[in-house]
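J.: So the chains spell out like this:
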Amino acid sequence: MKLDLDISKIDKCRECASDIADRIMEQVRNVTTTTCERAVLRLLGVDGVDRAGVPLPNVVVDMAHQAGLLSDGIATYMARAAVSAGLSLQQVAEKVACRQLDLADLGSASCDCDRSAVSGAVAASLGRIRENVAKRREYLSRLDSGTEPLIYVIVATGNIHEDVEQAQSAAKAGADIIAVIRSTAQSLLDYVPYGATTEGYGGTFATQENFRIMRRGLDSVSAETGRYIRLVNYCSGLCMPEIAAMGALERLDMMLNDSMYGILFRDINMKRTFADQYFSRMINAYAGIIINTGEDNYLTTADAYEEAHTVLASQFINEALAHRSGLPDSQIGLGHAFEINPEMKDGFLCEVAQAQMARDIFPNAPLKYMPPTKYMTGDIFRGYLLNGMFNLAGVMTGQSIQLLGMLTEAIHTPHVHDRYLAIKNAKYVFGSARHLGEDVIFRPDGIIQRRAAQVLADTARMLEYVRDQGLMDAMGEGIFAGIARTPDGGRGLDGVVARSERYWNPFEEAMSAQLGLATSSNPSRR
Amino acid sequence: MKLDLDISKIDKCRECASDIADRIMEQVRNVTTTTCERAVLRLLGVDGVDRAGVPLPNVVVDMAHQAGLLSDGIATYMARAAVSAGLSLQQVAEKVACRQLDLADLGSASCDCDRSAVSGAVAASLGRIRENVAKRREYLSRLDSGTEPLIYVIVATGNIHEDVEQAQSAAKAGADIIAVIRSTAQSLLDYVPYGATTEGYGGTFATQENFRIMRRGLDSVSAETGRYIRLVNYCSGLCMPEIAAMGALERLDMMLNDSMYGILFRDINMKRTFADQYFSRMINAYAGIIINTGEDNYLTTADAYEEAHTVLASQFINEALAHRSGLPDSQIGLGHAFEINPEMKDGFLCEVAQAQMARDIFPNAPLKYMPPTKYMTGDIFRGYLLNGMFNLAGVMTGQSIQLLGMLTEAIHTPHVHDRYLAIKNAKYVFGSARHLGEDVIFRPDGIIQRRAAQVLADTARMLEYVRDQGLMDAMGEGIFAGIARTPDGGRGLDGVVARSERYWNPFEEAMSAQLGLATSSNPSRR
Amino acid sequence: MPQVDLKNVRPYGDTLDDGRVQLGFSLPIRYGPEAKEAARQLVIKMGLENVDVVSAHDLGGLFTYFVVYGRCIHSVDVTSLRVPRVQVEQMDFFRINDLVRDKLGRKITVVAACTGSDAHTVGIDAIINMKGYAGEYGLERYPWFRAHNLGAQVPNETLVAKAIDTGADAVLVSQVVTQKNVHIANMTRLVDLLEAEGIRDDVILVAGGPRITHELALELGYDAGFGPGTLPSHVAAYIAQEMIRKEHRTSPDLGEER
Amino acid sequence: MPQVDLKNVRPYGDTLDDGRVQLGFSLPIRYGPEAKEAARQLVIKMGLENVDVVSAHDLGGLFTYFVVYGRCIHSVDVTSLRVPRVQVEQMDFFRINDLVRDKLGRKITVVAACTGSDAHTVGIDAIINMKGYAGEYGLERYPWFRAHNLGAQVPNETLVAKAIDTGADAVLVSQVVTQKNVHIANMTRLVDLLEAEGIRDDVILVAGGPRITHELALELGYDAGFGPGTLPSHVAAYIAQEMIRKEHRTSPDLGEER
Ligand code: B12
Ligand code: B12
Ligand SMILES: Cc1ncc(COP(=O)(O)O)c(C=O)c1O
Ligand SMILES: Cc1ncc(COP(=O)(O)O)c(C=O)c1O
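Chains as they are written, first to last, in my numbering: chain H, 961 to 1486; chain Z, 961 to 1486; chain D, 306 to 563; chain G, 306 to 563.
Pulled out of the complex, with its shape left as it was, chain H reads as follows (with noise of 0.2 angstroms):
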């Protein structure tokens, strides 16, 4: 540790976390969402849409909902109606989308010959999934896997097919991970848009098809250079676990996806968001993908100075739940940003006590750093230096993936340029400072240590509150980034459902038990 950090106040932090964690737990096991039973169809091979374009699992779910079904697993549903009619999965979707099938009409006796109807899917995707890992570890042993900090670039042309231009060119120059930033407001969709698409704003769409054409541009210039470039996307919003399914599916490499992002930036309802995460997050964990946390968003509204406790505190409860869904510390890559005002005399001082912080802590954590953006302007030059001086503070400090910012960020999304002179900045300073953050020690009791000293005893602090107050109830007043939030407000509520006694989702169970989780698919079973 570089800080010499108060040991026994981050063991209280992460005992506050734990508690805060075990709470929200005991409402996210009692329900489920209409997204995570969409989730369940689209790991079951139901794809499509139907002639309103409506996707086929939204089609079955929202049908299965109407007819108060789902408080027992759409999967029960399904393997019923397959045995019944002696269909598969997917026609059975397609007849239920063109109201040839009515799931409500099944009876309502559950027996396990039923379930076993759907066992040869369930097997079929999750070694679809394991098969992805496989072949991920494959590249990484047999390619450049990079060095932290990795580089991390995004597209967002709005046009997939653009989108791989990009990528391509960003990954030859350097690049170790791309993501696709997606659609304004793909988040406040309650489905998932469907096929190729090149049209969107500020982002492309997250769709299936998008996943599969990048995931291929990827690995062909991961072939060709030598290195395997990693593909990312953003498992947030109404449909975090459907996300998560297909980007198992498509061996994404990580994934936005944060415990409480949804409910603070998008106003979803907050059982809602903690029921779809945890699942989302149990995928995630089960396809070895890094999930990237949104601790940065916070920073955008609020003071980096003044709120840095928040960034900290909602790291430990952001890594408290992802173990709750079986995701090793490996996989956790907590999210902190470089966002104080450039103006502050020592800012840069208090930037590196924030990311040093966040390594002794986290030290197994994939930390992800994102870059400054909130006062960036139209000053390009500034911004680009702005960004140096943050890649410095990442290789400074052992950060492990680095989201490189744009010079431009103030005026447009990237363009082709921008990416390739955000890379060579980076690769400049990584190299040329490579291990400054060795070479240095941090003055016992100087600048540095007391701002991180600080900004611990403030998080402790916090979080011991939230322990008291309950996580839910803290959110009403406005915690984190001055945004309130009430257990029954937001979008999405609509969609939670509580769980009867006879729940059933096979992945859930399947994943938990490989992962050692205790199975909460059933509430009485736990």
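Simulated from the structure, these hints should not be mistaken for lab results.
There may be inaccurate statements among the hints.
[Stated by the list, open to error] Below are the BS3-like pairs computed for lysine-lysine, each with C-alpha atoms no more than 25 angstroms apart in a straight line: (1) K350/D with K312/G; (2) K1132/Z with K1387/Z; (3) K1305/H with K436/D; (4) K962/Z with K1305/H; (5) K312/G with K1334/Z; (6) K1387/H with K1305/Z; (7) K1384/Z with K1305/H; (8) K962/Z with K1334/H; (9) K1305/Z with K1384/H; (10) K1384/Z with K1334/Z; (11) K1305/Z with K962/H; (12) K1334/Z with K1387/H.
This one's a predicted model, so the numbers in the text were calculated from it and none came from an experiment.
With the hints as your guide, set chains Z, D and G with the ligands onto chain H.
T.: Chains Z, D and G with the ligands alone, transformed into the frame defined by chain H:
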């Protein structure tokens, strides 16, 4: 000392440098040069040009030189002429110029009553210089004198009036120091151009009138902004002492003034240069002008990593010679530069080692830190970033004077906004990382410490070698910047004249006395 | 330095009228001498002379990025430029509130939102929220204002309904995301809606955001537009003064007071 | 992605033909909305649309600096571009020396200098000096070359005298400082001098420097020009091959050998 350097090695280097300087001084004390004598004339108030545009100091000194009079010092003849013809010194010069008076015709005897004929002019000139010193001190005490690293930028439009605009714009943006770059190859002119000039290549001619115009321009921004803006020019080339005289009279604050630059980079004869630098530095010392040495230039031809020790060796030699001209440490702005190949791994650590070493070894010197130039390319963004890292190294290691790099270094002399952007760059980095240097300790025996120790060891070895060979002969071997020069090669040797027993330089005499130096006007008095 | 000819202003590098301009762009062509020449030709078409391609980078085979310098032959007649500005006398928090109290005698109601798919609330929050921005209080803290901030991604319909509901004097819209001009379409739709509801003339309609200028706002049928760096007091002063102007227009007997 | 139309290549930001271009320049006018508008108008004159002045800085009262983005309406026909290139087959140190030995049978003499007031010797040193550049040896180390490097600030007269003196096969000139086109004047003067001495056609005349292109060199009456990134072997290969071409031209009986 942040680097735990071996003190005995440092002492060894100083000892060698002192011996080296003493041997140079033995030669210097025996000669005068045409430009030293022209400087005497300028200090005596001789100014203007003849009908052919040749400066009167040149006309008079050339004639005296042809007549073989220079070895006695021009002052003697001026005095005698003034007494015998009943003319002012300026009138004497004018009459000599139109051949109405021949200094050789005045008879040979030299007596002290003659000398008293110039004592008024000497006193007036020294008084004006002392007044300038007082005025500068008054400004610095009344106005904001800046925080180190002081921000130093150059103007180089070729037109003194545009220069003033650009300088004022830079000063308002935060520059503390303005240097007016000289027109290409002015250093090779064996005279100082006259009057205000509006044409120049890559810079603006250094003339006394231009000094005056810029001084006035800067004083007016000082008044407006409440910050004292310092003025710099080049006291280099074939007219070092004359430019020193002009600068002393026009209240320049700093002068580029190196003991070996002209020899190496302008192929000026070394006997000439050593003599010129001696007297020019004495004038600078007397005028309270900080000199800036030119070690950065080595790295434009030699490799900054391989040849780092030559920079340190040169700093020791420059220091030793400067002391012999009466310059206190606080006026010896030793130079060095951030010129390591940006592609080099851990290059930034080596830059920090070099800069910190200069700080540790010369704790009282107003170190001047020069920006990256050699590895600058047309990629202006990369250039801006390199300059930012340079600024970081500067503030981290406590440099005194930071000559800001221009993002367009590889393209053109600075545009008005290039300078502005450079100042913003420095202000951000200096503020944001103000106490970083104090807040970190270099790991004992780490990369930085080991690099510095190695450079120091190489330097000690080099200086011992130079002491043993003698500097003049060692320079024949190309020890600095890979450039070999011989004692009788190069420009300007014809302007070097042995001093006679009667040699007299009233300014050297007076300044030496006031600076507490053993006078060397007359070698017999030593 | 010679005098600038304001009828023919040219870019300035280090000498009057040297016309120096820097450009940066990519072309979708392979790196090489031909690419550089293409960049040079393009810049010549823009009306630049002495064009220097000072750097060219291969962006992975299909694109090349250039930095170019040249001398621009065009000039602008600065004397003929007219830039519309928001008509407002700058006032501080206290003077604005005093003005509303003294001249209007009732509280001003404003409703504000970040509309459409836009979730960038920081800008509108800066203007409205208690805590304000850059050391100034937001409108919520103005005793003579009643401010309703509806937040992010508010449909235009919701905003209009709220305006009717609260009898708003002013409607404030923030639009940050401008990619492919979504903001323009969205802003225009709001004006249409207000007109359809017949209340366009009853409210002061104000837009703001990093790409909003007063000129653009006027074009789109708004009363005023505020760009980057706007402070709460700018907006409050404008609304207060405009309200008073409006009152005077409708009740001309008060005309003398001004 | 749709195919690039090589007859109409446009700048590319993130979508084919979006025309995005970034500009940076100062105008000698006071900072303010009018200045921004002036910048916008100027960029419109260059043929850009959707012009956004994304940043404007006050440079101390008399100047304003702008960063501007816009969409360029111009395009270039890349299919019609012809860029003259130095005609040379790339070879390494060994092959070049073998070639000279085998085909020429005598050493090639070159004289090189940084001429006029220019003191930037690093570039010519990179080509000539023993230690060379970027991992390649310089011409002084080529056994089949005899290289004389005259160094900095060499008057054209001295260079020509040296060329005559040594019976030089090639004359190499480095010109770095280009401000106000001093290099052009100086380079032209050298050609005139060589012609006056009647030896222009006896030597291969080569220019180099960061702003030198082959095209410019041809224009000024040189045989070849070399820009940034030139390696010693490029120059050596060119001179060797050109010497052989010349020999063949003068002694046509050897023509078959090629
Ligand atoms: C913070 C931020 C976010 C936060 C927003 C949090 C929040 N609650 O606001 C988060 C992380 C959620 C976010 C998300 C996205 N963002 Co965003 N974001 C930014 C960022 C970094 C800063 C914006 C900001 O807060 N500025 C500070 C405020 C104070 O400035 P301001 O808005 O200009 O406001 C001032 C004035 O304009 C004026 N004003 C503003 N509104 C109003 C209204 C009225 C009535 C008045 C009078 C005045 C006024 O007064 C304010 C004070 O002076 C900018 C980049 C940048 N540095 O500008 C990108 C940026 C705006 N975002 C962008 C994009 C694309 C997105 C996403 C679409 C990306 C994606 N695909 O996921 C999403 C989608 C969000 C959505 N649905 O809208 C782009 C927009 C590109 C473009 N030209 O359109 C930018 C430029 C970044 C980029 N280069 O890609 N973003
Ligand atoms: C080093 C340097 C100096 C050194 C030169 C030392 C030396 N012995 O050469 C010193 C410090 C002395 C110096 C001084 C000055 N310099 Co200077 N200097 C530079 C600098 C930093 C690097 C140049 C360099 O060495 N490049 C590396 C070499 C390897 O590249 P190159 O020259 O392009 O050479 C390659 C090719 O072009 C080609 N090539 C070059 N020549 C030839 C010849 C032949 C025959 C062939 C085949 C190929 C060839 O091959 C080489 C290898 O690939 C540049 C800025 C920059 N980063 O470019 C400024 C720069 C060139 N200097 C500049 C100026 C203005 C000056 C001064 C006039 C400033 C002043 N007023 O005092 C003085 C005057 C010097 C003079 N009389 O010429 C300007 C020129 C502006 C312009 N566009 O004209 C520049 C661009 C800096 C700036 N932004 O102001 N400088
Ligand atoms: C965790 C997480 N999810 C999603 C997003 C993206 O936003 P949206 O919800 O618009 O897809 C972010 C943005 O930073 C994020 O941090
Ligand atoms: C000491 C010194 N003098 C002078 C100069 C400037 O060169 P010139 O001799 O062309 O004036 C430099 C350049 O860096 C320098 O360091």
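J.: Decide, hint by hint, whether the structure agrees.
T.: Structure-based check of all given hints:
| no. | hint | verdict |
| --- | --- | --- |
| 1 | K350/D with K312/G | holds (15 angstroms) |
| 2 | K1132/Z with K1387/Z | holds (13 angstroms) |
| 3 | K1305/H with K436/D | holds (23 angstroms) |
| 4 | K962/Z with K1305/H | holds (23 angstroms) |
| 5 | K312/G with K1334/Z | violated (39 angstroms) |
| 6 | K1387/H with K1305/Z | holds (10 angstroms) |
| 7 | K1384/Z with K1305/H | holds (14 angstroms) |
| 8 | K962/Z with K1334/H | violated (36 angstroms) |
| 9 | K1305/Z with K1384/H | holds (14 angstroms) |
| 10 | K1384/Z with K1334/Z | holds (22 angstroms) |
| 11 | K1305/Z with K962/H | holds (23 angstroms) |
| 12 | K1334/Z with K1387/H | holds (19 angstroms) |
Violated hints, listed in ascending order, are 5, 8; each of the other numbered hints is respected by the structure.
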